[in-house]
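Colleague: Sequence:
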Amino acid sequence: MERIKKWKLKETMIIETLLFPEEVLVGHNKRFIAHRRYENHIVRAVYEYENNIPVLVTVYFPYKDRYFKGGNIYENKIFKG
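full-length UniProt numbering applies: residue 1 is where the sequence shown begins, and numbers increase by one.
Read the hints as simulated data drawn from the structure, not as lab findings.
PhoX-like mimics (lysine-lysine), calculated; alpha carbons at most 20 Å apart, straight line:
1) LYS64 / LYS8
2) LYS6 / LYS64
3) LYS64 / LYS10
4) LYS30 / LYS77
Using the sequences and the hints given, assemble the complete structure.
Modeller: Next up, the structure:
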């Protein structure tokens, strides 16, 4: 929650990023990084699974040019609908 406040993000942005990401990349230590664009930035939501339940590790809001790979990359999906 500290990071969400630090970046002045709305909780709905985090939920949208986790459930409806534009891309999901593989991170370190069996973690995944969900991306969703918001104007010139992206929400990067880093999560991992504990007992098959996704757990948010951290979130940040960098410029999209630095991390966004173009979309449609899905190494994992929390919501498969």
